[in-house]
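Once you've looked at the hints, dock chains B and C with the ligands against the given chain A.
Protein chains in written order, with the working numbering: chain A, 1 to 237; chain B, 1 to 228; chain C, 1 to 269.
Treat each hint with caution, since some may be false.
[Said to hold, decoys possible] In silico SDA-like links for lysine to any residue, alpha-carbon gap of 25 Å or less:
id, chain 1, residue 1, chain 2, residue 2
1, B, 165, B, 184
2, B, 184, A, 85
3, A, 233, C, 156
4, A, 146, A, 156
5, B, 165, A, 229
6, A, 22, B, 59
7, B, 165, A, 233
8, B, 165, A, 41
9, C, 97, C, 149
10, C, 238, C, 211
I should point out that these hints are in silico values taken from the structure, not numbers from a laboratory.
Each chain, letter by letter, is given below.
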Amino acid sequence: MNLGIIELLGFGSQGWGGPLLKAAGVTLAAASCGFFLGSLLGICGASLKLARAGVLRTIGHFYTTVFRGVPEILVVYLFYFGGSVVLTNAMNSGGFPGFYSLPAFAIGVIAVGVVSGAYQTEAFRSAFLRLDRGQIEAGTACGMSKLLLLRRIIAPQTLRVALPALGNIWQSVLKETSLLSVIGLTELLRQAGTAAGSTRQPLLFYGAAAVMFLIIGRITGLILTRMENHLAKPWRR
Amino acid sequence: MDWPFLLDVFHQLLSGLPLTLQLAALSLSVGFVLAVLVAAAVGSPFPPLRWVARAHVELFRGTPLLVQIFLIYYGLGQITPLRQSFLWPFLREPYWCAILALALNTSAYTAEIIRGAVQAVPAGEVEAARACGMSGFMLRRRIIWPIALRQGLPVYGSEAILMIKATSLASIITLTEVTGIAYKLISSTYRVLEIFVVTGAIYLTLTFLLSSALSLAERRLHAHHKPS
Amino acid sequence: MASSSRLAIADTTEAIPAISTADLHKHYGGLEVLKGIDFHANDGEVVAILGASGSGKSTFLRCLNLLELPSAGRLHIFGEEVKLRPGDANLRIADRKQIDRLRTQVAMVFQNFCLWSHMSVLDNLMEAPVHVQRRGRAEVRDEAETVLKRVGLLERANAYPAQLSGGQQQRAAIARALVMKPRVLLFDEPTSALDPELVGEVLKVMRDLAAEGRTMLIVTHEMAFARDVSSRILFLEKGRIEAEGSPQQLFGGGVNERFDQFISRFSQG
Ligand SMILES: Nc1ncnc2c1ncn2[C@@H]1O[C@H](COP(=O)(O)OP(=O)(O)OP(=O)(O)O)[C@@H](O)[C@H]1O
Ligand SMILES: [Mg+2]
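The shape of chain A in the complex, shown without the other chains:
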């Protein structure tokens, strides 16, 4: 009870340093997987919103409106409870009675991915719309097929333009993973909560979690800025 801060946050037998560090790894993993899933969904969403067919555009519009307009925590509940309902029904009808649920990590990644996908849709879409049509036309005029054009001209330029927005979305994703503590994922916040509960030091441990979020955000932010600068090289005079 009377342990000092160093012991409490350290890596000794009484310290929470180890578990917290591991939880930070879980946070980073969930955020990365969620962001990556969001990128895939964002590319699909942007293609839908840019499609010629009205139905596809409506689907894309619906996706972004709903998942940007509804609280993230509600989306987490949707996949958490919804996932277990679907899985339990499937198992029961397949002859396996009982209650089933998906692992919290998978649910969390899906929820975070679906939400960030809606934001990434907008990032990719507006980046695509800002591309120079002439350069795409020049590719067509050289006999590039649609796929080649996409791979060699459109994708690299869209990525370059979208990267600053994607960086902001990454920061939100990172922070959003804290919501996954409510469905039992032992990420930073939940681990800090456990430590706070058993040591009665909420200020210290939530503070530590906050600092760790700041550090992760800072470091990944620096990496992204590096990437941005690297990709922006051709446009500097």
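Chains B and C with the ligands in isolation, oriented as in the chain A frame:
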């Protein structure tokens, strides 16, 4: 479609709406006042004030809102002088903790919005005003702030929408606003999709109303840009 | 009335024309922009396409590279008919592969250069030969360097487009077209986006290309250049060929009233 069930869910959720709206309105207004102070401090010539303000912005933008809520709700009680002060009856309540956390959080984002909007005021227009002999408060009140307001309003609109969504986190510290009720309904009935749809519709309506109001305000502010 | 003033070009050669169109039409919605163009350019010819703004010059040129799909008519490139099939408003591409192949033979130079901004000049040049024509990297690189040297940009090979002047960018764009070893070069107002002092360097490159006997179709407002360099003038008005002939004939005056009016506006300005 089980309409009676949906309607029942809707009615139950509506009972949480006043709380959601209160949380949003109070934290947005308190947050805005704080933001103005923070933005002023960021631009102040007094370095320690600048550092504190910058730290405030970094801290509240760089950490999850839920961490901030927990720090305030669970952490403040650890500070003995605070427990003995007149503030404690408030800070003991999840309601005021939620508002405090939400307000501090939005104040950091809003301070940045204000700073960006003021920075985006064209230097030429400020110089023109100086050339007319304006300075100090008058320059701010008559030229800089009106221009900044027009530039910052759309961004502030998205921040306000984010705040409406953020009030849902108050449910995690026991407040039964809309999301809190939705959670109870979901975990007791397991009719996930239906409840999600109704709850989502309520939030979408709120954000739609807010963004309509903002674009109306924007149109009014930009009336002078329209060809007559 | 239009055909009365059209001068027949000596069809001494039985050779296959480099490009020919028959009754080419193009409309956008209700607006008919090309109203039946019959045209052919022989191998080695330099055709200057002149006409007032909105007369359909760009549209015509873009149809030749299939950047725009004609609404009706036929298009042959070195005797090979471009396979098009009927569609709603415009004809449709019937054979993508054929079009992509022909496009590398009919290279286009744009008014706004349209270099790919994320690639260095050298990469811009190598892109289509390597990825579309599937030629070997080493050979393409040699070729690209030779071409860059020709247009005077070898020392800027590793620069990005944003780091070049307009004139340099357009020379790079011409080089990009040349590395594909096209059999026809299409130019759409290649100097219109340039500052006056940069026009000369681009025209010089084009003069050299014309002198070596390349087949070129050039939309331009540079009248002196058209007169001196082209072997034939095509004068479009309101989507039709209003006059056609050698520069000596047409610029001599008195052949076509409309053309004379058109020219007089330039000599005054
Ligand atoms: N994509 C399009 N959609 C609708 N109308 C078009 C389109 N492209 C061109 N037009 C119209 O077709 C007509 C011919 O255009 P075109 O660009 O071929 O003219 P031009 O002779 O090249 O003129 P300029 O000298 O100004 O470049 C114009 O009236 C133009 O408005
Ligand atoms: Mg044109």
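Checklist entry - residue 165 of chain B and residue 233 of chain A: Cα distance at most 25 Å? => result violated (38 Å)
Checklist entry - Within a Cα-Cα threshold of 25 Å, do residue 22 of chain A and residue 59 of chain B meet the stated pairing? => result holds (23 Å)
Checklist entry - Has the given pair, residue 146 of chain A with residue 156 of chain A, been kept, meaning a C-alpha gap of at most 25 Å? => result Holds: residue 146 of chain A and residue 156 of chain A sit about 14 Å apart, inside 25 Å.
Next on the checklist: Given the hinted pair residue 165 of chain B and residue 184 of chain B, is their Cα-Cα distance within 25 Å?
Outcome noted: holds (18 Å)
Next on the checklist: Can you confirm whether the C-alpha distance between residue 184 of chain B and residue 85 of chain A stays at or below 25 Å?
Outcome noted: holds (16 Å)
Checklist entry - Does the structure keep residue 97 of chain C and residue 149 of chain C at a Cα separation of 25 Å or less? => result Not OK: residue 97 of chain C and residue 149 of chain C at ~32 Å, beyond 25 Å, violated.
Item to check | Hinted pair residue 238 of chain C and residue 211 of chain C, Cα distance within 25 Å | outcome: Violated, at about 31 Å.
Checklist entry - For the pair supplied as a hint, residue 233 of chain A and residue 156 of chain C, is the alpha-carbon distance within the 25 Å limit? => result holds (16 Å)
Checklist entry - Does residue 229 of chain A lie within 25 Å of residue 165 of chain B when you go C-alpha to C-alpha? => result Since the Cα atoms of residue 165 of chain B and residue 229 of chain A sit roughly 33 Å apart, the hinted pair is violated (cutoff 25 Å).
Next on the checklist: Hint check: residue 165 of chain B vs residue 41 of chain A, CA-CA at most 25 Å. Holds or violated?
Outcome noted: holds (22 Å)
Consistency with the previously given hints fails for numbers 5, 7, 9, 10, ordered from lowest to highest.
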